[in-house]
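Asker: Here are the chains, one letter per residue:
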Amino acid sequence: MNSFLNTARPPVFCPGCTHERITKSLDSALVSLGIPAEKTVIVTDIGCSGLFDTFFNVHALHGLHGRALTYASGLKLADPELNVIVTMGDGGLGIGGAHVLSSCRKNLDITLLVLNNFNFGMTGGQYSVTTPQDAVVGSEFLNQAEIPIDICEIAKSAGATWVSRCSGHDASLTEQICNAITHKGFALVETLGMCTGRYTKRNRLTPKAIDEMIENLPAEGGIVEKNQRPEYGEQYRKLAAEKTKFPEALKVEKNFDMENPQRQEIVILGSAGMRIVTAGDIVCHAGMAAGFNASMKNDYNITVLRGQSVSELILSPEKIGYAGLESPSIVLALSDEGVDRRKKMFAKLGPDTFLLKEKSVAIPETRASVFEVDFREMKIKKPDWALAALGVIASKNIGITLEMLTYALKAIFKPVVYESAMETIKKAIEI
Amino acid sequence: MALSFMEGNEAVARGAIKAGCTFFAGYPITPATTVFANMLKMLPPKGGICIQGEDEIASMGYCIGASMAGKKVLTATSGPGISLYSEQISFAVGSEIPMVIVDVQRLGPSTGSATRGADSDIQFLRWGNTGGVPVIVLAPRDVKDCYSLTVHAFNFAEKYRCPVFIASNKEIGMTKESIDLDLVELPDLVERKLFKSCGNKTSSSENPVTSSVNQDNEDKNNCANDKFIPFKAEPGGVPDFLPIGGKTLVRQTSSTHGPDGYITIDPDTIAAAQDRLRDKILNAEEDLTIYDEHEREDADTLVISYGVTSRAAEDACSMLEKKGKSVSTLSLQTLWPVPEKLIRTKAEKYSRIVVLEMNLGQYIDNIERILLDKKIQFYGQMNGVLITPGKIMEVIEDEKCTQYPCRNRGGN
Numbered sequence: 001m002n003s004f005l006n007t008a009r010p011p012v013f014c015p016g017c018t019h020e021r022i023t024k025s026l027d028s029a030l031v032s033l034g035i036p037a038e039k040t041v042i043v044t045d046i047g048c049s050g051l052f053d054t055f056f057n058v059h060a061l062h063g064l065h066g067r068a069l070t071y072a073s074g075l076k077l078a079d080p081e082l083n084v085i086v087t088m089g090d091g092g093l094g095i096g097g098a099h100v101l102s103s104c105r106k107n108l109d110i111t112l113l114v115l116n117n118f119n120f121g122m123t124g125g126q127y128s129v130t131t132p133q134d135a136v137v138g139s140e141f142l143n144q145a146e147i148p149i150d151i152c153e154i155a156k157s158a159g160a161t162w163v164s165r166c167s168g169h170d171a172s173l174t175e176q177i178c179n180a181i182t183h184k185g186f187a188l189v190e191t192l193g194m195c196t197g198r199y200t201k202r203n204r205l206t207p208k209a210i211d212e213m214i215e216n217l218p219a220e221g222g223i224v225e226k227n228q229r230p231e232y233g234e235q236y237r238k239l240a241a242e243k244t245k246f247p248e249a250l251k252v253e254k255n256f257d258m259e260n261p262q263r264q265e266i267v268i269l270g271s272a273g274m275r276i277v278t279a280g281d282i283v284c285h286a287g288m289a290a291g292f293n294a295s296m297k298n299d300y301n302i303t304v305l306r307g308q309s310v311s312e313l314i315l316s317p318e319k320i321g322y323a324g325l326e327s328p329s330i331v332l333a334l335s336d337e338g339v340d341r342r343k344k345m346f347a348k349l350g351p352d353t354f355l356l357k358e359k360s361v362a363i364p365e366t367r368a369s370v371f372e373v374d375f376r377e378m379k380i381k382k383p384d385w386a387l388a389a390l391g392v393i394a395s396k397n398i399g400i401t402l403e404m405l406t407y408a409l410k411a412i413f414k415p416v417v418y419e420s421a422m423e424t425i426k427k428a429i430e431i
Numbered sequence: 001m002a003l004s005f006m007e008g009n010e011a012v013a014r015g016a017i018k019a020g021c022t023f024f025a026g027y028p029i030t031p032a033t034t035v036f037a038n039m040l041k042m043l044p045p046k047g048g049i050c051i052q053g054e055d056e057i058a059s060m061g062y063c064i065g066a067s068m069a070g071k072k073v074l075t076a077t078s079g080p081g082i083s084l085y086s087e088q089i090s091f092a093v094g095s096e097i098p099m100v101i102v103d104v105q106r107l108g109p110s111t112g113s114a115t116r117g118a119d120s121d122i123q124f125l126r127w128g129n130t131g132g133v134p135v136i137v138l139a140p141r142d143v144k145d146c147y148s149l150t151v152h153a154f155n156f157a158e159k160y161r162c163p164v165f166i167a168s169n170k171e172i173g174m175t176k177e178s179i180d181l182d183l184v185e186l187p188d189l190v191e192r193k194l195f196k197s198c199g200n201k202t203s204s205s206e207n208p209v210t211s212s213v214n215q216d217n218e219d220k221n222n223c224a225n226d227k228f229i230p231f232k233a234e235p236g237g238v239p240d241f242l243p244i245g246g247k248t249l250v251r252q253t254s255s256t257h258g259p260d261g262y263i264t265i266d267p268d269t270i271a272a273a274q275d276r277l278r279d280k281i282l283n284a285e286e287d288l289t290i291y292d293e294h295e296r297e298d299a300d301t302l303v304i305s306y307g308v309t310s311r312a313a314e315d316a317c318s319m320l321e322k323k324g325k326s327v328s329t330l331s332l333q334t335l336w337p338v339p340e341k342l343i344r345t346k347a348e349k350y351s352r353i354v355v356l357e358m359n360l361g362q363y364i365d366n367i368e369r370i371l372l373d374k375k376i377q378f379y380g381q382m383n384g385v386l387i388t389p390g391k392i393m394e395v396i397e398d399e400k401c402t403q404y405p406c407r408n409r410g411g412n
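Protein chains in written order, with full-length UniProt numbering: chain P, 1 to 431; chain A, 1 to 412.
Chain P with its partners taken away, still in its complex shape (with noise of 0.2 Å):
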């Protein structure tokens, strides 16, 4: 092929804009390659770099400001074949910042061809992330008060595993766009150049001033040695190809057989630490396992090695419909947190609910029937108290029965698990 370009759209930009040369440098880069069009995609962004896209008979996807690098890493993750290239001005570097740090972190196969011209060319000339001080610019002052940056300098201390800068107008261009394209990793070439619709109108900036800019910045040669490592795709491919076990719905059958199911519903009033949540499963899959519907509602911190740990359980036969609990049939009070986060609830019991407490635990005033433990003299610890009540409660066959407890630890524990958590029931029933 001897030209990408689409001869029904030709580039339109203002007479003189560095944005005409790097179109065409852009696509004598893909001729020399020989990169077929329908392996590739030009992603851009928006401005005058996001004009890119019409200008070539390739692939093309152009997306919202700053975001351009978000929809080249989805394309490319799921088509690693594609050649992906961007296109980007140095307004994109600014709002999307957060993407381009990100692509050199990851070192996704892709070309973010930077087109710095200092300011935003289509809005009328304010000031960008790249703006000298010193520039005249549709900002008033504004760009005085904040200093530039180097998008190279960045990139390579972010993870960059390909960086190059140079003028738009350079003749070594398309070499550069050529080496990033073949490059196997993430590759930023910074190309700087001359908005002449806005920002040459007050400032001297001519492409021998844009070569003498360069010279004075630090030197940027493509390969960065110290940021080489595989490609991310490669990489996340490598370590997902690991992942072979799907994990299937673990499946309860029906084991047990009650006589009379009655709808139970639990509260585990405890703390962080207590394995209240992990109790709340155990309960549940015994129930299942009696045939029962369950569901399991917990209350616990975003800090969750702190505070209260809530878990509102309810079996029962029939479906089961509003999930939370007004009058539970058995609470089991473990920690002072646990009963304040539910203070309310103990004026409503009545006597038909059964309500375990550890002694050293103060409850509001209940007219519920309580049943008092001292898992301490019992020298149960406290991260077992839970599962210590669960022993308590089905040894008297109070919604769940030791069968259906035990039948339950078996099945959610490792053995080692299983058996430490049996010596713990023999333990606090042992009364």
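Since the hints were derived computationally from the structure, they do not count as laboratory data. Please note that a few of the clues may not be correct.
Okay, derived cross-link-like pairs now, DSSO-like style, lysine-lysine, Cα gap no bigger than 27 Å in a straight line [as the list claims (entries may be wrong)]: (1) A/Lys41 / P/Lys243; (2) A/Lys247 / P/Lys24; (3) A/Lys41 / P/Lys251; (4) P/Lys379 / P/Lys319; (5) P/Lys251 / P/Lys156; (6) A/Lys41 / A/Lys144; (7) A/Lys18 / P/Lys254; (8) A/Lys227 / P/Lys245; (9) P/Lys396 / P/Lys381; (10) P/Lys238 / A/Lys18; (11) P/Lys319 / A/Lys227; (12) A/Lys322 / A/Lys341; (13) P/Lys238 / A/Lys41; (14) P/Lys245 / A/Lys323; (15) P/Lys319 / A/Lys391; (16) A/Lys232 / P/Lys39; (17) P/Lys427 / P/Lys379; (18) P/Lys208 / P/Lys24; (19) P/Lys39 / A/Lys41; (20) A/Lys144 / P/Lys319; (21) P/Lys238 / A/Lys46; (22) P/Lys39 / A/Lys391; (23) P/Lys348 / A/Lys391; (24) P/Lys348 / A/Lys322; (25) A/Lys18 / P/Lys243; (26) P/Lys379 / P/Lys414.
Simulated coverage check for chain P against chain A, where a stretch passes if three residues somewhere in it have a Cβ under 8 Å from a Cβ of chain A [what the hints assert, rightly or not]: (27) 230 to 244; (28) 250 to 263.
A partial selection of chain P residues facing chain A, derived with a Cβ cut-off under 8 Å [said to hold, decoys possible]: (29) Met288; (30) Lys297; (31) Ile320.
The beta-carbon is built from N, C-alpha and C at its ideal position, and this holds for glycine as well.
Put chain A on the given structure of chain P with help from the hints.
Answerer: Just chain A now, with coordinates in the frame of chain P:
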């Protein structure tokens, strides 16, 4: 019968896998994180891809890219994440990029409460795109719905080429329930309709989208004589798809475009595209309507609700039935487009409608405008906890509107 025990978020993930989802990108946020965590366990063994974006905007961008490469994609977040998704949602809506977006809603506004439920985003999901283009929003009630509605959501996304939202809730997403997955009725899978040129069959047969046998047969009688035009469709229709990376070149753009995928300023072309985006969703109302009902004889009141609140509503009406009072329920699983015909038909024989929402009234306006001649009572609650069956009974029994106001003309 074998039961499994899982939360709504896991059921969403299992539904997505069942629907053929092969790509997920997301960013951790309570209470949606476990959708991501589950997909990360489930996709790699299936050869799929699961990625953590550097932020929510990026996650949506990855999904857009992957969908344009032909993948079925899923993402999940909560209210604060939907805020960040918004610009990309507009892109996906306006440029007809299929995907499923799960919003495990939490109490808003803003950061709100990470671990408190509410149906906070019902209006936000509908109107969260620039341009106000109609969207599809499905609302699960429980774990079973999370599983089956996710499959429906993928089908709708593929069929209508648009993002489809699942408006879940912390109280469903993070509540575990027993479920027999094998007994859940699932729809047949629908695949994206690929462009096929009669002259050049290879154009779409070598792309990464797998098409079902049915579709292949159908497409033999359904090929186009002309070349691929990325957004060409009948009025109210859906354009055929080809992936970026296939043999035929594809153009995608977030800018206002004509059928050819190039920017346009021609008013007629723009108007035709806007009309089509609206009509393809609104005209499909019946196809998109999913609901459940419990009609009780002699009832003069119909309770309309959605999401987790429907469960308490059903409990309340069962309890009232035991007390000798007959009340019917209608639970909407499709919220947008508004199932107007369904609401009108189902409400016909009732003189009084009670609407319940786990927010301060984000959907009630739609019921009111459809049922102008009915007495409508409303109860909304936005305090981080579930509406109880007891509270709903109170509302239903307040027939004289002493405590819970009548909202509209019919109630006077």
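Asker: Taking the hints in turn, state whether each one holds.
Answerer: To see whether the hints hold, each was checked on the structure:
1. A/Lys41 / P/Lys243: Satisfied, since the Cα-Cα distance of roughly 8 Å is no more than 27 Å.
2. A/Lys247 / P/Lys24: 24 Å, holds
3. A/Lys41 / P/Lys251: 18 Å, holds
4. P/Lys379 / P/Lys319: 40 Å, violated
5. P/Lys251 / P/Lys156: 50 Å, violated
6. A/Lys41 / A/Lys144: 20 Å, holds
7. A/Lys18 / P/Lys254: 25 Å, holds
8. A/Lys227 / P/Lys245: Judged against 27 Å, a Cα distance of about 44 Å means the pair is violated.
9. P/Lys396 / P/Lys381: Measuring from Cα to Cα gives roughly 22 Å; hence the hint holds.
10. P/Lys238 / A/Lys18: Given pair lysine 238 of chain P, lysine 18 of chain A holds - Cα atoms ~25 Å apart, limit 27 Å.
11. P/Lys319 / A/Lys227: With Cα atoms ~55 Å apart, lysine 319 of chain P and lysine 227 of chain A exceed 27 Å; violated.
12. A/Lys322 / A/Lys341: Judged against 27 Å, a Cα distance of about 31 Å means the pair is violated.
13. P/Lys238 / A/Lys41: At roughly 15 Å apart (the allowed maximum being 27 Å), lysine 41 of chain A and lysine 238 of chain P satisfy the hint.
14. P/Lys245 / A/Lys323: 52 Å, violated
15. P/Lys319 / A/Lys391: With a Cα-Cα distance of about 21 Å, the restraint between lysine 319 of chain P and lysine 391 of chain A holds, given a limit of 27 Å.
16. A/Lys232 / P/Lys39: 23 Å, holds
17. P/Lys427 / P/Lys379: Status holds; Cα separation ~8 Å.
18. P/Lys208 / P/Lys24: Within the cut-off at roughly 20 Å; holds.
19. P/Lys39 / A/Lys41: Status violated; Cα separation ~31 Å.
20. A/Lys144 / P/Lys319: Holds: lysine 144 of chain A and lysine 319 of chain P sit about 12 Å apart, inside 27 Å.
21. P/Lys238 / A/Lys46: The hint holds at about 14 Å.
22. P/Lys39 / A/Lys391: 60 Å, violated
23. P/Lys348 / A/Lys391: 16 Å, holds
24. P/Lys348 / A/Lys322: Answer holds: lysine 348 of chain P to lysine 322 of chain A is near 22 Å, not above 27 Å.
25. A/Lys18 / P/Lys243: 19 Å, holds
26. P/Lys379 / P/Lys414: Within the cut-off at roughly 24 Å; holds.
27. 230 to 244: It holds, with 5 qualifying residues against the three required.
28. 250 to 263: n = 5 at 8 Å, threshold three: holds.
29. Met288: 5 Å, holds
30. Lys297: 5 Å, holds
31. Ile320: At about 7 Å, which falls below the 8 Å cut-off, the nearest Cβ of chain A leaves the hint on isoleucine 320 of chain P intact, so it holds.
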